[in-house]
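Colleague: In this text, residue positions in the sequence shown follow our numbering: the first is 57, and each later residue adds one.
FYI, nobody ran anything at the bench for these hints, they're computed from the structure.
From a predicted model like this one, the values you see are computed outputs, not experimental measurements.
The beta carbon of each residue, even a glycine, is placed where N, CA and C say it ideally should be.
Incorrect hints may have been included.
The calculated label-pair distances, taken between Cβ atoms and stated as ranges, are [as the list claims (entries may be wrong)]:
#1 ASP102 / LEU122: 17 to 27 angstroms
#2 LEU103 / GLY137: 50 to 60 angstroms
#3 MET135 / ALA86: 16 to 26 angstroms
#4 ALA105 / MET135: 39 to 49 angstroms
#5 ILE134 / LEU112: 37 to 47 angstroms
#6 PRO90 / VAL130: 17 to 27 angstroms
#7 MET135 / GLY106: 34 to 44 angstroms
#8 PHE133 / VAL97: 17 to 27 angstroms
#9 ASP102 / VAL129: 29 to 39 angstroms
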Amino acid sequence: MASLFIVLGCIQPVRKKGYLVLFIGLAINAFIAPISFAFGVMATDDLSAGLLDFILGFLFIQSIPLLILFICVVVTFIMKGVNQTIYK
């Protein structure tokens with residue numbers, strides 16, 4: 057419950073600075089990362105599996121959140137550029 061209040065307290069300054077979209081992308085990655093890690097570990101359950109199998113299992117689950125994060129970063133920088141040109 058305390059973590060919910062911490063997250064809600066962080067949203068206000070983030071919204072004022074215009075980084076809310078970036079914050080949402082990071083939050084999605086933070087929630088999916090443990091699941092991706094567990095899936096990567098399960099992919100290396102075979103004795104002949106190595107580091108490459110772990111990385112492929114991890115990226116299989118994490119690929120869509122990483123794509124979302126990339127889009128959020130691009131949108132944030134575009135919005136920052138648009139806001140600077142509007143307010144100048």
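Colleague: In ascending order, which of the hints set out earlier in this document are inconsistent with the structure?
Modeller: 5, 8
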